[in-house]
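These protein sequence lines are chains A and B, in that order. First residue of the first sequence: 390, per our numbering; consecutive thereafter. First residue of the second sequence: 106, per our numbering; consecutive thereafter.
Source of the hints: derived by calculation from the structure; they are not laboratory data. Among these hints, one or two may not hold up.
Said to hold, decoys possible - Derived list of chain A stretches under chain B, where covered just means 3 residues or more per stretch with a C-beta under 8 Å from a C-beta of chain B:
(1) 447 to 461
(2) 550 to 558
(3) 581 to 590
(4) 715 to 727
Unchecked claim - Taking lysine to any residue and the SDA-like style, the derived pairs with C-alpha atoms no more than 20 Å apart in a straight line are:
(5) A/K817 <-> A/P626
(6) B/K539 <-> A/P626
(7) B/K606 <-> A/A522
(8) B/K539 <-> A/D802
Using N, Cα and C, we set each Cβ at its ideal position, and we do this for glycine too.
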Amino acid sequence: MTAEAIADPGAPLDPGTAAARATEAILRDTLHGPARGVVVDSPPGAGKSTLVVRAALELADAGRPLMVIAQTNAQVDDLVLRLAERSPELPVGRLHSSDADPYDKALDSLPNVRTSAKAADLTGLPVVLSTAAKWAHIKVDEPWRHAIVDEAYQMRSDALLAVAGLFERALFVGDPGQLDPFAIVGSEQWAGLSYDPSASAVTTLLAHNPGLPQHRLPVSWRLPASAAPLVSDAFYPYTRFRSGTGHGDRRLAFAVPSDGSGPDRVIDEAAESGWGLLELPARHTPRTDPEAVRAVAAVVRRLLDRGGAATSERSPDPAPLTAERIAVGTAHRDQAAAVRAALAELGVSGVTVDTANRLQGREYDVTVVLHPLSGRPDATAFHLETGRLCVLASRHRHACIVVCRAGVGELLDDYPSTEPVQLGTLVKFPDGWEANHAVLAHLAEHRVSWRP
Amino acid sequence: MSLITTLARLEAVDSGRAQPAATVRHRHLSERPLVLVPLITAGEAGAPLGALVGTDRDAPRLLVVPQPRDRDLRFAFLAELADIVLPYIDAYADAVEVAERTETDPETGKRVKVEVDLCADAPQLIVPSRAGVELVRLLGRSMRFRRTAEQDPQTPHPAPPRVPLLGRWLTHYAERSRVPGSSLLLALTEVLARHWATGQSGLEDQHLGALLAWIDPPEGGSGAEAALRAELARDERGQLLCPPAGPATDPAFDNKLLAPAIERYDRARGTFAAAEDGLEADDRLGAVTAAEREIRALVESVTRPTWDAVWRGLDLLRALPEGGHVAERWTRDRWSFTGHRDRVLSGEPPQPRRDDAVTAANKLATREREQARLEAQEALDDPLVMAGRRLAGEAFAGEVVDVEMAYSEGRRPSPRPLVTVRTDDRPYLGERVKVYRSLGGKPQSYEFVARQDDGADGALVVLRVLDKMGRGKEPEPGSVPEKGDRICFTLFEHEQRGGAKLPDPEDTPWTHGGPPGEETAPEPADPVTEEDVL
Chain A
390 MTAEAIADPG APLDPGTAAA RATEAILRDT LHGPARGVVV DSPPGAGKST LVVRAALELA
450 DAGRPLMVIA QTNAQVDDLV LRLAERSPEL PVGRLHSSDA DPYDKALDSL PNVRTSAKAA
510 DLTGLPVVLS TAAKWAHIKV DEPWRHAIVD EAYQMRSDAL LAVAGLFERA LFVGDPGQLD
570 PFAIVGSEQW AGLSYDPSAS AVTTLLAHNP GLPQHRLPVS WRLPASAAPL VSDAFYPYTR
630 FRSGTGHGDR RLAFAVPSDG SGPDRVIDEA AESGWGLLEL PARHTPRTDP EAVRAVAAVV
690 RRLLDRGGAA TSERSPDPAP LTAERIAVGT AHRDQAAAVR AALAELGVSG VTVDTANRLQ
750 GREYDVTVVL HPLSGRPDAT AFHLETGRLC VLASRHRHAC IVVCRAGVGE LLDDYPSTEP
810 VQLGTLVKFP DGWEANHAVL AHLAEHRVSW RP
Chain B
106 MSLITTLARL EAVDSGRAQP AATVRHRHLS ERPLVLVPLI TAGEAGAPLG ALVGTDRDAP
166 RLLVVPQPRD RDLRFAFLAE LADIVLPYID AYADAVEVAE RTETDPETGK RVKVEVDLCA
226 DAPQLIVPSR AGVELVRLLG RSMRFRRTAE QDPQTPHPAP PRVPLLGRWL THYAERSRVP
286 GSSLLLALTE VLARHWATGQ SGLEDQHLGA LLAWIDPPEG GSGAEAALRA ELARDERGQL
346 LCPPAGPATD PAFDNKLLAP AIERYDRARG TFAAAEDGLE ADDRLGAVTA AEREIRALVE
406 SVTRPTWDAV WRGLDLLRAL PEGGHVAERW TRDRWSFTGH RDRVLSGEPP QPRRDDAVTA
466 ANKLATRERE QARLEAQEAL DDPLVMAGRR LAGEAFAGEV VDVEMAYSEG RRPSPRPLVT
526 VRTDDRPYLG ERVKVYRSLG GKPQSYEFVA RQDDGADGAL VVLRVLDKMG RGKEPEPGSV
586 PEKGDRICFT LFEHEQRGGA KLPDPEDTPW THGGPPGEET APEPADPVTE EDVL
């Protein structure tokens, strides 16, 4: 029982205080706790990177040599930039691969960041950052005193196995609701083993060290008040979180009024309520459903044409809704390519179009999502995966517009998930079937039917 | 399912015949494979009922367990199987060639080249279907921990001498079959389905009879109809004309024919055991033998059609020329075979029941690498597979329309020519994407520079050549494409990098439970329960 629950059982703390208390507890366990590992679950936009940077600075201040393990080069570069922003004097090492162009060129202009492909060049620096893949090739005589593993739920168990010998203690930070790591070959053979190499690093870590302290960040600063309850209910039913902002704090307005078309109506609905569902007539289609792709492109075109302005707690003045602040999310790469081509035809450039896997960890004002099950005759495990829908539905600060063919609800009911049950594995809740239904039920209240 | 497979399947439905999904054979086929058509008893996982096995298509050996629940008879079956399979394996173990391998010197820690034996060829095991592979795995597991009377005189049910060894080999073959592209143990339905697209579902493709009906329908007939006949047609006794390829049997066969025959056999054995004098026993032994002969005939009647179908399938596959990289992959199979031969010879214990953390991670890494390698090699070997990748935007072919010399910046400028290719394909080229082409069997890398639409469907793609041009200021002749060349570029890499080295099992870190405990080698067999003994 924590102190806050005793002190104030009725009215919840204000979000800022709740988040600050959680952070304090995490840092206390990390810096002074007896456990070798600390696990932090962070819902979308809960300040995970901020926490990593803060923990890194405090560990560096305490004089403990620190290695930071992230999963992609973009994540590493982003952390280096944030570290340098917060503490420009701190010497930081960026270990990179020997490929051409291995890191963001912006790092070269930072005076206290040293980059090298050899770990030996970076010895003695208080903080060294790299990807798990690069760290796996490093050999050391003496392990680092401390490590921070970022996006630990997206790291595979075998990747952790390759680097765990490099550090004594570690802080594992990640979002359990996002996409699980995957293997391109079958790994049923090891299902149920505590060290299943295709499981996530955190699953293996906790299976072998069940006593490790586990924390979670309770407030999402990204998701608006309209989105946090749905995402929390659908994807984090047992570890709820809330929005850091209230219903009136964010507003999306458009200078050009609606022309009454489907895209415009759904934009208005989303601006008003935070969610919009543009429903096309039911039909079985190939993955790159031309009508749905064109509908996505049309929505983006209209978002830009109508002179959107986003008001938020960040600044008193509305910020224009530009192409950089809009993203399109899809399930497959060929869908993303088709949307890019359709956008190019409409003369739109600068809008991010990518798959759920690549949108993880990113943030935009408005997202347009091509529903993973739209037009499909079947609901495979890939398309039902909870994490995929969760990533797509939690990238936005203001509004999310989903483009989908009618009939997904019936599809879900016709094909309940039939994955084989493996002995010894933890069943993940909620399953994709349930999460999809929860999201659909909510989206149905913001539906705009449209026949293109 | 890729777009091109969908198309091939639609065409198959339309034409009533399977359509080629490959123009070359992507798996190695031995000149003298050992074919195994096993059957199991319904309701008794891993209790063999019989098998046809051998390397001669005209003279298979028939092995039968007349009472599958009698463990002595089961052991007799396994011992017979060992007497056929092990000599076949041994025949390949002795013919070796010398090969080079890089190993880490245990004293200096450096990578050094050492000369080692590599078996010149390896035995190949062929079963009709994926379920057959699973049975091989199960048999391997059930046998490899058994103890023979020689190893342990106290053991309650000693196994015949060579049975544990057979278990180790079957385990190795089943485990190797999980490596993509390996050919030591092949399930024929999977290999056929890789090379032909039928008009039925992937699940239905697991029926060997139906699959062959699509690929090679009877003269003048439709494959779809022949496949339906293979699945459903029954004779006047209600028995399937094309018995399932096993290891499971048809319930109608079990109920109508097999169960009564086994009952007669049990009865004959009972009366034989109750015989009071030698004369009577002789008489009754005749009845037992007759009952056994009846079961043998039954088992042969449902395995022989599958046996013939397997060889027919092999004929169809042999008619395809072998793919360019198949021999290279088979060499890795030979390494795998040689490695296990050495482990057996050096007296190592049988494979453990479960992989430890490091072994599991290593296996997964190997298989992922082999999967990527297989996908790349199949595309490079086979224009039809490459067409599928081109359709998926992962490759493009086109004609070189312009080559412009350019140099890299820096102190020592090296050649970085710009090549313009006109293509009708639609590759997913983005900023800084690398593409590759095969140049004398080695990949040459290019960097995507720009793209410009050309006509209705075509595009002009500008690429920068990055390597394989030699060390001089001028590129070596033939290393840079010339105007008019038709080239196929891929967005995927042709070769796979090795992964990071994992710690040794005894250095397993705390996150993964620390080093595995001392095993009591060899692991004991599963305890015998009441259900095991009749």
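Results for each hint:
{"no.": "1", "hint": "447 to 461", "result": "violated (count 0)"}
{"no.": "2", "hint": "550 to 558", "result": "holds (count 4)"}
{"no.": "3", "hint": "581 to 590", "result": "holds (count 7)"}
{"no.": "4", "hint": "715 to 727", "result": "holds (count 3)"}
{"no.": "5", "hint": "A/K817 <-> A/P626", "result": "12 Å, holds"}
{"no.": "6", "hint": "B/K539 <-> A/P626", "result": "43 Å, violated"}
{"no.": "7", "hint": "B/K606 <-> A/A522", "result": "11 Å, holds"}
{"no.": "8", "hint": "B/K539 <-> A/D802", "result": "43 Å, violated"}
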